[in-house]
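Peer 1: Residues per chain, in single letters:
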Amino acid sequence: MNHLPVFQVLLPLLGAPLCLLVRRGTLSWLVATLASWGGLAISLALLHHVSHTGPITYNLGNWPAPWGITYHVDALNAFVLLIVTTVAALTLPYALQSVNLEISEENRPLFYTLLLICLAGLLGIVITGDAFNMYVFLELSSLSAYALIGLGKRRRALTAAFQYLVMGTIGATFILIGIGLLYSLTGTLNIQDLASRIALIPASAYGHRTLITAFAFLTVGFSLKLALFPLHLWLPNAYTYAPSVVTVFLAATATKVAVYMLLRFSFSILGSRFVFEQLTLGKIMLLPSLAAIIIASLVAIFQYDIKRMLAYSSVAQIGYMTLGISLHSHTGLMAGILHMFNHALMKGALFMAMGAVSYRVGSVYLTDFRGLGRRMPLTMAAFVLGGLSLMGVPLTAGFISKWFLVKAALEIGWWSVTAIILIGSLLAVIYIWRVVETAYFNPLHEIEHGQEEAPLGLLIPLWVLVGANLYFGIDTSIPVDMASWAASALLEGTMQ
Amino acid sequence: MNLAGHYNYWVAIFLMMTGFYVVISRGNLIKKLIGLNLFSTSVFILYISLGKIHGATAPIADDRFQLYSNPVPHVLILTAIVVGVATTAVGLALITRIYEQYGSIEEDDIRIKDESL
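Residue numbers (my numbering), protein chains in the order written: chain D, 1 to 496; chain Y, 497 to 613.
Because the hints were derived from the structure by calculation, they are not lab data.
Please note that a few of the clues may not be correct.
To be verified - Computed list of lysine to aspartate or glutamate pairs in DMTMM-like fashion (alpha-carbon distance at most 25 Å, straight line): (1) D/Lys153 - Y/Asp610; (2) D/Lys153 - Y/Glu602; (3) Y/Lys609 - D/Asp193; (4) Y/Lys527 - Y/Glu603; (5) D/Lys153 - Y/Asp559; (6) D/Lys153 - Y/Asp558.
With the hints as extra help, turn the sequences into a complete structure.
Peer 2: This is how it looks when you write it as structure tokens:
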């Protein structure tokens, strides 16, 4: 029980070499699935523990805090851990059949190994209480993500992976510079220690300039990683050409973890008063967020590859998260955190539906969807429900986060921002409708390949996610309480 | 501010900008990767410079030396070097695969081949 935090990362990290050693596709899959389910169980236990007895601090190897690496679990990262492990635990059962089709026999054990390393990296970023450790885990997850994307069937997957590698490495190096500058200023890497020492630096001190520079490097680095609007160029290609399973996993987790890092550094380390009042992060983030919502949604409307369309929609949805942060209020922050959870549910479901279509039809161009409403009714129904959640229709999860976002914008009287949020939703209606129209109202494709519905192995995880979209749209108490609690904890962190 | 006294920082910034420029301006993927390496290596110099203390020795446990430079940045950078090597390895592996598939590692050629499909 006492060692739960370290097992959260160790389980996938130990599962990875095991996958490689068993050397058989299905057996590796079994190892990976068990590791991901174990991870989900641990994150639920951690969440339970945190919500009843408060934050957990775990010293690795029993080295006391400022010297050793600590794992620190509080409201925010317990919630993000739950998002990541839930997505992983649903993606892996889904992976078996999809991977058997898309990845060659000899590469399958390697595929599951990479997936587990990526999972370990993402969980490590979230759980660690040490800034440099966070960078190492970030690179661990990114490097495995580049390789995973490069495994895509089409050759453009390779160039997409290379482009992501170049931009991702630049982002990570910026983060490294930022962490180095913070270290030079404080002489510590422990997040709590950093926060308390930075709070002591007076605003007039010479070191203040270092702090501002560090913040600039960190923000640009995180923005690259989370694909904030003008820095999103790696994302559409990476999501489009990656294998279906990888797109589901990365779209639902990687950008959320980057948003988490931004929150952790801005609120827990630098303090929201410094970041928002002196450095005006709110104003810096506001414009790219609004631009993301409008421009990325507009671009999505004109895409013919539906996976690419959903990738652009992801860029827009990330805009909603950063918009919530930039409003700098409890409701706004809460809406941003809530949208991390809800977006993982809806994009996970939509990309899983894409995987199911590509399993039967082979590709996901708009024309491939002709008549699919009759041919694959369950998959397309799931797509429609996921799409409704993406638009933010009441009784779906997407509605809840949009509702709080609109509420946060109205609280400070920003009518224009409210209007843009609503326009973004309308644009989502348009691009989802194009697919729905083609699937339900266009005649069947003449060349009939893959008549039947997708196999159950793909449908069950897909419908679990769709069910979650509906459930958390009706019974909102769990995610709303968690997000609200995490937001208060983040804002309180500044008072110390 | 003492400009000459901070020359190692100037070197780091110069290398960083050179690397960044190479990444942006070159179309050859290998050259891009070299630029990326230059870019991340400059950060190693930045880190090691941070640990330097004037008049201090290398961090050796010996009674004769009381003042030694901070070893923590050195250790951190060892990790970062490993990360850099891994990044280069993944990058080169991708370039090899790209060459197998496209028969070229020039960005413009690759773009033309993708569009002609």
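Peer 1: State for each hint whether it applies.
Peer 2: Structure-based check of all given hints:
A threshold of 25 Å between alpha carbons decides the hint, and for D/Lys153 with Y/Asp610 the separation of about 14 Å falls inside it, so the pair holds. At most 25 Å may separate the alpha-carbon atoms for a hinted pair to count; D/Lys153 and Y/Glu602 meet this at roughly 21 Å. Taking the CA atoms of Y/Lys609 and D/Asp193, the gap is about 53 Å. The hint is violated against a cut of 25 Å. Straight-line distance between C-alpha atoms of Y/Lys527 and Y/Glu603 comes to about 11 Å, which keeps the hinted pair within the 25 Å bound.
Under the criterion of a C-alpha separation no larger than 25 Å, the hint pairing D/Lys153 with Y/Asp559 is inconsistent with the structure, at around 62 Å. Between D/Lys153 and Y/Asp558, the direct Cα distance comes to roughly 59 Å. Violation of the 25 Å bound is thereby established for this hinted pair.
Hint compliance for this structure: hints 3, 5, 6 are broken, all remaining hints hold.
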